[in-house]
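Visitor: The chain contents come next:
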Amino acid sequence: MSSTMYVRGSALLLALTISSCSGEIAEPTGSVPDVPEGHTPGEGEGRVPEEEEPSFIPQASDDRYSPLARVTNTEFRTAVEQVLALTEEEAAALSGITLAPEQESQGLFNAANQQSVSQLSLTTFAQLASTAADALTAGELEDARTRLECGDQTEAECARLFGERLMRSAYRETFDASDQERLTELLTETETLIGGEIESAALDPELDATKLFFLRMRIRSVAQLATLAPKFLLLVERGEVGEVADGEEEQERPLLPHEIANRLSFFLVGSPPDASLRAAEAELTSSTARLEYANAHLTNDASVNGIVNTLIGWLDIREDVDAAALRKLRAYLATWVRDARPFGDLYEGQVEVEHADETTSMEPFGVLGLRAVIASHTSSPTPSFINRGEFIVEKLLCGELPEDLPDAALPEDAVDPVDVFEVHATSPCATCHHVFDNYGAALQRFDVDSNLYDPSNDWLGSEFDLYPVGDVEGVVRDPATLGARMAASQQARRCMTELWYRNAVRRDLLPGAVDEEAIDELFEAWMASGDDSLVSLIRQIVVAEDFVTLRL
Amino acid sequence: MASAGVASAWSFNPLGAQDPSRKPLRLITFVDHYGLSPHGGDRTGQWMTSESGDFALSEEHFEWVLAPMARHQAHMAVITGVWQRSRAVLGGSAAHFAVNAQALTGSRGRGGRSSGIRHDHPSIDVHIGEFLSGDYGLRDRVYPHVRIGGSFSYGTDGAKLGGLGSPRAVYSSLFGATSLVDLQTQALVMEQVQRQLQTIRPQLVNANAATMLDGYASSVDAVARELELRADLVCEQPDSSSNNGATEAGVRQMFTAIYNMIGCDLTSSIAYAFSGSQRHQFLFAESPDRSGAVRTALGRSYHNPSHNNGTVGAMVQSLVYRWRLELLADLIDRLAETPDVGGDTLLDNTVILFTSAMSNNTHGTRQGYPQFIVAGRNANLNTGMHFDCTGHSNNELFVTLAQGLFAPTARFGGYNGSGVYRGAALNNGPIEKLLKEVVS
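Line by line, the protein sequences give chains P and D. The first sequence lines up with residues 1 to 552 when you count with our numbering. The second sequence lines up with residues 553 to 992 when you count with our numbering.
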């Protein structure tokens, strides 16, 4: 095995590290008074003790509070590409960098209450940011200087100005004196390191190669600072402080304009607001302005792509699914979204279905007939109706399954689908299996390789009486009859409403009725609109007051 | 097999020996999700010739699947009869996700199904890793614990820890720095990130924000400390990497990564969960059964035979287990050939737990796991033995494992889905016969 020595031993490092930080992280303090509207911190106020710092969010002692959200991995990638203005080719090159796994919550990865900034996520974010930044300094020194708009500036000055531009773009909020201080300190100390390295390695500072090497280092470090900082990683929502009567608990706040811009942009295009949206953010408290923005973006590639990404996550598509099958699914979903097709087409649109003899046929199965979906919910050479049924009931219909499965094993001789299916119908297995088996069984015409069986070769040759989940019930025989029930279902539409509501507010539903009521209102408005396409639902969400409200 | 010459190029971080009374012990945990299928209802011909009573191991006891490990019998404690009783006592589903969640925690998860299971306490690999790198142990590992492959380890707060799923992710995340100057500038960045966190923190005072910010700040500190340690590290970087951990090459590279992580002193505890989506066509040449059905089954994802308890499923699992044990045996060879501090070898200071989330493909069976421990001479574990542990719980085995690495652990797991301790019946202390001495 050949090897690469990749780090030199040195005693040089890190008097500068975290020992110079301000010390232990303090626990949250007690009640902190709100700051009156219009308050501007005066000189020196940034140094006051923590208990005297202004709080823009009241204390909350339980988890009934809209939590602090973090950008998802996908959003991080997109945002880095955006703020560094990478080309498509450069962005594609970043796909080889694996980010830390994320916690899924019912098909979404942006539920703030499930997110964290772990050591691993920071490490992998840093790696991606660094690699992305290297794209800006690829080639010769002059190429890099041109790309970074250095003009006549020195490399050090160029890096500082680039860093300032980058942070203004990355932080979405005002780039303040504190951020300027962070950048200046970073670059000052970086210059010290560079000076030391040039001296110890006896480098010629005037050589282009030397200049390029250290310019690259500076750009990497400012890119890392800009993208690892909380102002980039966290989507802070404080809301506008209102008046609360004595003895009453504040329940909600209107979002601030820049917070609405954040929500809108991440919701619709999966990335931070661009310059035009930031410029127009003052108008976003108006539902008309938000609708205009949505209408202008909902069918563009970035938006459709973002929506499809969300649907792919919701459909729980496995990472190792065949690439061609995934492309086919993406194309189907993109058309369904972009063309504002009726909701029902999701489950009964015509799709090309593959057969074991490598022929194909057009069938009205919607996504339930696409290989990427079937393969992602196929778990064995014997029945997959357990997985498939659970998926349909829980994910697609938002149905509830019993919390506990009985503590019993399959009999050892239950090896083929018919045996297993029949065993499941007996006690105690039936406690749960009667809920989801028939949903999955309707898809049993797809074999383990996701091919459609010859229709004459009916698996079980039976009809399956669905356990009622909302308005989905009755007898089905195959993917077409199951798809037709799903397509007609209000339960399925209400479930879709819940998905996109959670996606918009970036958290799991709060205890109590407040979120359920909001979802019901959205669902009713969507149905009343006469257009049950997904983009219509998204428009309803964007114009709703809940979209611009912070729940406390 | 590794050449001993590779090791001579290494210089190991001696900080692990800062406590002269204790050796720099490590734990490697291998977990399979699916168990080992019985042929015709038992494992005759697969695992051990006898699973009854305690006895000294000899080569004749190793059946076909376990045979690659026979050359390491002196370091092995083969454990049979242990019950994964936590599910029986604490309740819960027999589905993969629920079984996996209990496998290393000895507790029932809470908060939902496949995607959202949490615990209130860590899994055993994390518990021991924190001990080995914490206040009572050896502080100077870059990572207290590392997960590769699948994700079913749980952190100190009970949250599921993501595993690094491919060798490329492992290599780039754990070995990825390119120069000292890079490390230095990254450390500067972390300092400034920490300061920005402190600046915005007072503006975000509330319970949920505090949780997020605490974790964020701790992670920044951890990354900074990692950078500091790596700057002092001289270590061999693996030279190639696959982007898919579910291939033959990917699995081999994961084993290489484990060796390098141990050799580089990056961590005290590594947990590797084998992929359920891997296909094993390449093993057909090794199959005693050359039927088309076996060929087909090997070409499907490994999860499939876990639901097929006929002879085909059993053959596939046997082949896969044997192959993995061949890789493990080679890894142990390399550890045995590589010097560690104080004249010891890496193997002298290493404990390996090889276990499964279920005993076989009938998801409800919770006894007779295919599991064993490999322990170096500086661990507190008796080896060279088969131990019949009938009547003992998996929780007790974990207590034993912890004490085998000198962690003063009296009980482990036993929490129900609400986080309430219900595990008195599961926790009766360590299985003393496995230990050289009971740790108080």
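Hints were generated in silico from the structure; no laboratory data involved. Errors might be hidden in some of the hints.
Capping the alpha-carbon separation at 20 Å, the derived lysine to any residue pairs in SDA-like fashion look like this [what the hints assert, rightly or not]:
no.: 1; chain 1: D; residue 1: Lys985; chain 2: D; residue 2: Gly605
no.: 2; chain 1: P; residue 1: Lys395; chain 2: P; residue 2: Glu292
no.: 3; chain 1: D; residue 1: Lys988; chain 2: D; residue 2: Arg963
no.: 4; chain 1: P; residue 1: Lys395; chain 2: D; residue 2: Asp734
no.: 5; chain 1: P; residue 1: Lys395; chain 2: P; residue 2: Glu319
no.: 6; chain 1: P; residue 1: Lys211; chain 2: D; residue 2: Arg670
Computed footprint of chain D on chain P, listed as stretches where at least three residues anywhere in the stretch have a Cβ under 8 Å from a Cβ of chain D [as the list claims (entries may be wrong)]:
no.: 7; stretch: 87–99
no.: 8; stretch: 185–193
By construction, the Cβ of each residue, glycine as well, lies at the ideal position given by its N, Cα and C atoms.
Visitor: Mind checking the alpha carbons of Lys211 (chain P) and Arg670 (chain D) for me, to see if they're no more than 20 Å apart?
Guide: Answer violated: Lys211 (chain P) to Arg670 (chain D) is near 50 Å, above 20 Å.
Visitor: Is Lys395 (chain P) close enough to Glu319 (chain P), meaning Cα to Cα at most 20 Å?
Guide: holds, 18 Å
Visitor: Need the status of pair Lys985 (chain D), Gly605 (chain D): alpha-carbon distance at most 20 Å?
Guide: holds, 12 Å
Visitor: How about the stretch 185–193 of chain P: do at least three of its residues have a C-beta closer than 8 Å to a C-beta of chain D?
Guide: Held - the stretch 185–193 of chain P has 5 residues with a Cβ nearer than 8 Å to chain D, which meets the minimum of three.
Visitor: Do the alpha carbons of Lys988 (chain D) and Arg963 (chain D) lie within 20 Å of each other, as the hint requires?
Guide: holds, 18 Å
Visitor: Is Lys395 (chain P) within 20 Å of Glu292 (chain P), Cα to Cα?
Guide: The given pair, whose Cα atoms are some 31 Å apart, is violated under the 20 Å limit.
Visitor: Quick one, are Lys395 (chain P) and Asp734 (chain D) close enough, alpha carbons at most 20 Å?
Guide: With Cα atoms ~45 Å apart, Lys395 (chain P) and Asp734 (chain D) exceed 20 Å; violated.
Visitor: Within the stretch 87–99 of chain P, is the number of residues with a Cβ closer than 8 Å to a Cβ of chain D three or more?
Guide: Holds, because 3 residues of the stretch 87–99 of chain P bring their Cβ atoms closer than 8 Å to Cβ atoms of chain D.
Violated hints, in rising order: 2, 4 and 6; the structure is consistent with all others.
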